Amino acid sequence: MIRFENVSKIYQDNAVVLSNISFEIKEGEFVSIVGKSGAGKTTLLRLILGLENPTSGEVYFKGMNVKDMDSLQLQEVRRKIGGIFQDYRLLSAKTVYENVAYVMQVEGKENREIDEEVPKVLEVIGIKDKINNFPSELSGGEQQRLAIARALVNHPEIIIADEPTGNLDPYNSYEVVSLLRKIHQTGRTVILSTHDREVINKLGQRVITLENGRIIRDEAEGKFII
Amino acid sequence: MLTNLKRILGFAVNDFNRNKGISVAAIFVLIVMIMLVSGLLFFRGITSYLTSEIKNKIDITAYFVDGTAEADVLGVRDEIIETTPNIKNIEYVSESDALEDFNKKHQNNPVLAKALQEVGGNPFLPSLNITTNGDPLQYEQVANILQTSDFSKLIDKVDFSQKEDTIKKIYSITTNINSVGIFLSIVLTILGIMVVFNTIKLAIDNSKEEIGTMRVVGASDWFIRGPFIICGAIYGFIAFVLCFLISGALAYLLSSYAGALLPGFSLIGYFLTNWWIFVLIQLFFGIGVGVISSFVVVKKYLEI
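Sequence lines, in order, name chains A and B.
Take the first sequence: its position 225, counted from the start at 1, is 224 in numbering that gives the first Met the number 0, and no numbers get skipped.
Take the second sequence: its position 3, counted from the start at 1, is 2 in numbering that gives the first Met the number 0, and no numbers get skipped.
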């Protein structure tokens with residue numbers, strides 16, 4: 000589904016973030032990308048989303064080279080991916096309902112469908128009672144739940160979670176990871192980037208370990224070893 | 000398409016309402032800028048009136064030899080009108096009209112009245128008072144025609160050489176006033192556009208992260224850009240309406256003061272005659288600059 004072929008990313012100040020990495024993620028996999036801060040985890044995810052282009056090498060999404068996609072194709076790819084981020088990336092001037100509805104509106108869904116789906120997803124995620132609140136009125140855990148609701152509402156093929164537990168306490172971290180596992184059990188591909196040892200060791204799924212922009216380990220049932 | 004348009008409009012109205020502080024600040028800056036440009040428009044009206052009044056006060060006079068028939072003088076007048084461009088006015092003053100004017104002007108001056116009595120009869124000559132567009136070259140051309148063509152034998156003298164310096168000075172002053180006006184307009188307009196652009200940029204800078212999020216969830220460029228542009232248009236429209244009302248009210252309130260300083264000039268009359276120019280300019284600087292600024296700023300963030 001996603002394939003990296005000899006990908007390197009070097010920024011203008013000659014900082015090498017990724018160095019000649021290659022791997023493949025198959026449909027329905029749960030893959031964790033681990034590494035210290037600055038190891039290149041976020042850059043790797045940005046390359047999948049087409050938010051950056053590799054300096055060299057190729058990134059393929061469903062057989063198509065992300066670098067060669069036009070803006071319409073990129074928008075289509077991004078709509079197939081649900082993104083969850085450490086800083087939540089919510090739309091602060093929109094309510095909980097509007098934040099989730101926005102991604103459905105982006106896809107051109109009918110208002111009737113949006114009115115039906117959004118409350119359902121919010122109920123599943125457990126923040127339906129906050130439907131008319133703004134993100135600033137939610138706790139960190141609730142904000143991350145909202146981000147998950149937004150990522151799920153369009154039934155994406157892939158969930159990309161970039162340090163989703165980075166700003167959360169252990170209880171909320173556990174809740175978020177449980178939700179990701181449930182999402183994976185529905186058959187979706189999940190890519191989780193984290194440096195949370197506890198989370199990785201409990202998952203028992205594939206782990207790709209990055210260090211200084213290189214893959215140093217890729218194990219089918221990996222542990223957090225740095 | 001229609002659904003998307005409705006959604007974009009809805010987002011824009013929501014953003015406008017929910018970011019009241021930013022909206023009020025942007026509208027305020029737009030009002031200041033539009034009023035600056037409107038002020039320049041009023042300034043232009045006043046200087047145009049002033050320069051045209053000054054130019055109208057300048058003329059040259061061709062005095063005809065004593066006893067020239069009225070038909071000959073009018074023939075010269077018609078020929079000048081036909082052969083010379085930019086003639087604004089030619090007035091024929093007969094001997095009797097000249098005498099009557101003199102008596103009216105100096106009716107309280109016994110010395111002049113006595114001097115006139117001693118000269119006896121009517122010492123005044125028939126004349127043509129000629130006004131052009133104010134250009135000294137134009138006056139010189141008219142004077143040359145009068146003195147060198149066939150009808151020069153009918154003409155006693157043309158007072159161009161006496162008035163030449165004054166004409167040149169006044170022409171230079173009015174030209175300078177116009178140049179300064181144009182220069183000021185350009186500088187202040189550029190300054191105004193830059194201030195508005197930066198205000199809109201500051202307003203959108205707050206949403207920089209959100210634009211990034213919208214891209215990540217797969218929103219099209221127009222779905223992201225639309226609400227910001229419409230918001231810019233709403234700022235501009237509100238600023239335009241307020242500025243148009245303020246301009247009208249100011250023109251009405253200051254009209255009597257302007258009339259006292261510039262007799263014959265009506266500020267409210269100028270505003271009412273040129274209201275559509277005010278509408279066009281205020282709309283352009285309100286909605287136009289608001290929309291273009293929003294477009295440019297969001298485009299920059301979409302490219303990052």
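Just so you know, the hints here were simulated from the structure itself, not pulled from any lab data.
Heads up, some of the hints might be wrong.
Unchecked claim - Keeping only pairs whose Cα atoms sit at most 27 Å apart, straight-line, the calculated BS3-like set for lysine-lysine is:
1. K93/A - K299/B
2. K66/A - K79/A
3. K200/B - K79/A
4. K19/B - K129/A
5. K87/B - K168/B
6. K200/B - K93/A
7. K66/A - K162/B
8. K127/A - K79/A
9. K200/B - K299/B
10. K66/A - K200/B
11. K168/B - K119/A
12. K5/B - K93/A
13. K5/B - K54/B
14. K56/B - K79/A
15. K5/B - K79/A
16. K79/A - K119/A
17. K56/B - K87/B
18. K79/A - K87/B
19. K108/A - K298/B
20. K129/A - K207/B
21. K127/A - K93/A
22. K5/B - K108/A
23. K207/B - K66/A
24. K56/B - K129/A
25. K93/A - K168/B
26. K54/B - K93/A
27. K207/B - K108/A
28. K93/A - K207/B
As the list claims (entries may be wrong) - Listing some non-contacts, in silico: residues in chain B with all C-beta distances to chain A over 12 Å:
29. I7
30. D96
31. S206
32. G217
33. V240
In this text the structure is predicted, and so the values were computed from the model without any measurement.
From the three backbone atoms N, C-alpha and C, an ideal C-beta is built for every residue, glycine too.
The hints, checked one at a time:
1. K93/A - K299/B: Given that 27 Å is the threshold and the Cα spacing comes to 23 Å, the pair holds.
2. K66/A - K79/A: holds (17 Å)
3. K200/B - K79/A: violated (32 Å)
4. K19/B - K129/A: Status holds; Cα separation ~23 Å.
5. K87/B - K168/B: Holds - the C-alpha atoms of K168/B and K87/B are around 20 Å apart, at most 27 Å.
6. K200/B - K93/A: holds (21 Å)
7. K66/A - K162/B: violated (78 Å)
8. K127/A - K79/A: Holds, at roughly 24 Å.
9. K200/B - K299/B: Distance of about 10 Å is within 27 Å: holds.
10. K66/A - K200/B: violated (30 Å)
11. K168/B - K119/A: With a Cα-Cα distance of about 83 Å, the restraint between K168/B and K119/A is violated, given a limit of 27 Å.
12. K5/B - K93/A: OK: K5/B and K93/A at ~17 Å, within 27 Å.
13. K5/B - K54/B: violated (57 Å)
14. K56/B - K79/A: Violated - the C-alpha atoms of K79/A and K56/B are around 78 Å apart, more than 27 Å.
15. K5/B - K79/A: holds (24 Å)
16. K79/A - K119/A: Between K79/A and K119/A the Cα gap is close to 20 Å, so the pair holds against 27 Å.
17. K56/B - K87/B: holds (12 Å)
18. K79/A - K87/B: violated (75 Å)
19. K108/A - K298/B: holds (26 Å)
20. K129/A - K207/B: holds (25 Å)
21. K127/A - K93/A: With a Cα-Cα distance of about 15 Å, the restraint between K127/A and K93/A holds, given a limit of 27 Å.
22. K5/B - K108/A: holds (13 Å)
23. K207/B - K66/A: holds (24 Å)
24. K56/B - K129/A: violated (77 Å)
25. K93/A - K168/B: The given pair, whose Cα atoms are some 66 Å apart, is violated under the 27 Å limit.
26. K54/B - K93/A: Since the Cα atoms of K54/B and K93/A sit roughly 63 Å apart, the hinted pair is violated (cutoff 27 Å).
27. K207/B - K108/A: holds (26 Å)
28. K93/A - K207/B: It holds: about 15 Å lies between the C-alpha atoms, which stays within 27 Å.
29. I7: Non-interface label fails for I7/B: nearest chain A Cβ at 10 Å, not farther than 12 Å.
30. D96: holds (78 Å)
31. S206: violated (8 Å)
32. G217: violated (4 Å)
33. V240: Holds, since 25 Å exceeds 12 Å.
Comparing the model with each numbered hint stated earlier shows that hints 3, 7, 10, 11, 13, 14, 18, 24, 25, 26, 29, 31 and 32 do not hold.
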